[in-house]
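A.B. asks: Just so you know, the protein sequences line up as chains S and G, in that order.
Here UniProt numbering is used: the first residue of the first sequence is 1, the next is one more, and so on.
Here UniProt numbering is used: the first residue of the second sequence is 1, the next is one more, and so on.
Hints listed in this document are in silico derivations from the structure and should not be mistaken for laboratory results.
A couple of the hints might just be wrong.
All copies of an identical chain are treated as equivalent in the list; a pair is satisfied when it fits inside any one copy or across any two copies.
Unchecked claim - Each computed SDA-like pair below joins lysine to any residue, with the alpha-carbon atoms no more than 25 Å apart:
| no. | residue 1 | residue 2 |
| --- | --- | --- |
| 1 | Lys-23 | Gly-73 |
| 2 | Lys-281 | Arg-61 |
| 3 | Lys-23 | Asp-91 |
| 4 | Lys-23 | Gly-145 |
| 5 | Lys-23 | Gly-347 |
| 6 | Lys-281 | Tyr-66 |
Chain by chain, the residues run as shown.
There are 2 protein chains.
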Amino acid sequence: MTLWTLARRSARLNPSIIREILKVTEQPGILSMAGGLPSADTFPIQAIREACDRVLTQAPREALQYAASEGFGPLREWVAQHLGGMGMRVDPGQVLITTGSQQGLDLVGKVLVDAGAPVAVETPTYLGALQAFNPYEPIYTSLAGDADGPLPDSIRALPHDAPGTRFAYLLPNFQNPTGRVLPEARRLALLAAAQAVGLPLVEDNPYGDLWFDAPPPAPLAARWPEGVLYLGSFSKVLTPGFRLGYLVAPPALYPKLLQAKQAADLHTPGINQRVVHEVIKNGFLDQHVPTIRARYAAQCAAMAEALQRHMPEGTEWQRPQGGMFFWLRLPAGCDAMALLPQAVAQGIAYVPGAAFYAHAADPRTLRLSFVTLSPDDIASGVATLGKVLRTHIDGTREEAP
Amino acid sequence: MTLWTLARRSARLNPSIIREILKVTEQPGILSMAGGLPSADTFPIQAIREACDRVLTQAPREALQYAASEGFGPLREWVAQHLGGMGMRVDPGQVLITTGSQQGLDLVGKVLVDAGAPVAVETPTYLGALQAFNPYEPIYTSLAGDADGPLPDSIRALPHDAPGTRFAYLLPNFQNPTGRVLPEARRLALLAAAQAVGLPLVEDNPYGDLWFDAPPPAPLAARWPEGVLYLGSFSKVLTPGFRLGYLVAPPALYPKLLQAKQAADLHTPGINQRVVHEVIKNGFLDQHVPTIRARYAAQCAAMAEALQRHMPEGTEWQRPQGGMFFWLRLPAGCDAMALLPQAVAQGIAYVPGAAFYAHAADPRTLRLSFVTLSPDDIASGVATLGKVLRTHIDGTREEAP
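So here's chain S without its partners, still in its complex pose:
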């Protein structure tokens, strides 16, 4: 590497721990609760195939040509209207279609983060956001939290001197990894704190539509449009393979994000945007998303029951009200990363929680996905996890003097 000189920021690019774990766990025969994938059983294959055919019959030249960096107009309008149904007031001109929500995070980093600038994140937070922001070399502040999410006081305690915290990155709904939702009261308190100190927010909402019994409260962006940059995605309600996400920016921010988008990949594939719009334009998601909710709710119930039955005493978790994940805190003396090889040897996999912390990871935490296994396999996988944990705990006791 003497010929090529790497940029300093490259030191902040690293292999994803999850990716490395997934490689191990994708061996046949492993009951993996490690993935962050939606269930392929939920993909509306027939509707997508028909939509592809219609787009390539009705507007093939437009779908296959270079297109606008902002995104496909009718899709931007759909997004604005969809978010209107959630209480946001969005002009289609504020919508930027991104190549997956991950690209939205990258553009946020590119436009808002200087090397050494503070960025506030939840504890724990979404690993992919840390990966997206890292090359822009922020200094993270981990917001203290409880079961309802970050504490308003942790926002009031942020240093607001120059260079100032650029934004707080929040995942209000069924957070990856913890599954928790911010209750209405916490949303209001966080907004009041952020407005009081002039701290902008980046609100990431890939899971909000996947509620089980009741929809989550309105987005933060609905209450403070000029202070919240909102990110959404089609990956969890339709399919991730199209790589289609979007961001909604306050008008003052939009032009720079658009220019960053253009520099990054010119535009998101036009055919993908048109096919997705063709699938959803007549209310398809109104019928489709409830089927995902029902499926995931049943799988969640199976995992809740299995955890109740098989986890050793001292294990902590909250039953999620939506999304895809359970977040466990193991009994004292259990290190989720250290135990993973034993789990894999017994035929199961999970993601150790350590990857999701900007600082001071809690080694006792782990994430379990319930959406890609059948209820029977969930029961079996969780039972095996319980056995691995008990074996470890019993071994530790025996070793004690």
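Let chain S serve as the given structure and place chain G on it in line with the hints.
C.D. replies: Structure of chain G alone, referenced to chain S:
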């Protein structure tokens, strides 16, 4: 904007001049020679529709799920083999599928460019590369050149003290904007100079397959694999709407580029990769690309003839041997940017050359695309351009004392 603080690099993000021009010129009735688009008449719509249907019938769950950041294995193998046919020796493990070649440029900037680091570019160079690199805040060195491309002496003259020039960005084949190809002798001389001073090269080759009479010489990457990062694209030989490009990196560089790719958008849409592979896997491009060459060659000939007939004395150009563009240098006293409104008023459009220079733009230059107009419209458009220029030149003479 007091609430949101922009990163310093945002100052280097700006609206694309070309984009702004295209907005004006996309009015109906304008004969536009301004676009950088391939001709939609070349899109193999039927083959793509059939391939979509096969992919969504045979492997829909895989095509619509999250996928590997490196890209779809069989497509990476195809790329390695295709480049082998051009004299490169590429392992599929060196191929990274990108969301258009533009993303390859962004990843190069992210991994290799520090703020203030020198990057050498051709004079003029591809505007989109400047846009991709700009947010990483390089200091450009414009390489002096002649009709055969950059001069080897301009590479020997680069400052190689710390921090050192990170790379020279070169477009050997039918360059956008000038259309010129680097002859074999110039390639060898540039490689010798780069190797002598230890300067890595980024070789961008979106147009290499679009030759008219004879293929261009072998890529630079074929002669110096460890010192050249190569970028390719399906946008000009198939369709840009899928946003499919690729880079081939020396093995030492690959992991950081892959990590940057993962942080940028996780992966390029799997369905797009599978559909394109399905279209091309059995030699489709061997039949298809010659039809594009023949079409573009005829359009190029029409423009060459029209320029010969209509350009005022003192206008300079080279007839391109491939690609999509003519590059004109107008007679003294003609400023292409200043004349554009008059051209648009007369119903034609072009791109002023100024946008393609990192420094000291030559205001007399402009770019004409010949691929999206019929030969008749080309003749008519160039005749109008000639009239606009003559009117200006005559008016200038009359104004002279």
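A.B. asks: Is the C-alpha distance from Lys-23 to Gly-347 at most 25 Å within one copy, between copies, in both cases, or in neither?
C.D. replies: This pair counts as within: shortest intra-copy Cα distance 14 Å, inter-copy 58 Å.
A.B. asks: When no copy is named, should Lys-23 and Gly-73 be tagged within, between, both, or neither for a Cα gap of at most 25 Å?
C.D. replies: Between copies, since 15 Å is at most 25 Å while 39 Å is not.
A.B. asks: At most 25 Å between CA atoms: does that hold for Lys-281 and Tyr-66 within a copy, between copies, both, or neither?
C.D. replies: both (22 Å within a copy, 24 Å between copies)
A.B. asks: What label fits Lys-23 with Asp-91 when the C-alpha limit is 25 Å: within, between, both, or neither?
C.D. replies: between (42 Å within a copy, 21 Å between copies)
A.B. asks: One pair to classify: Lys-281 and Arg-61, alpha carbons no more than 25 Å apart. Within, between, both, or neither?
C.D. replies: For Lys-281 and Arg-61, both the intra-copy (20 Å) and inter-copy (22 Å) Cα distances are at most 25 Å.
A.B. asks: Is the C-alpha distance from Lys-23 to Gly-145 at most 25 Å within one copy, between copies, in both cases, or in neither?
C.D. replies: neither (32 Å within a copy, 48 Å between copies)
The structure shown violates just one earlier hint, number 4.
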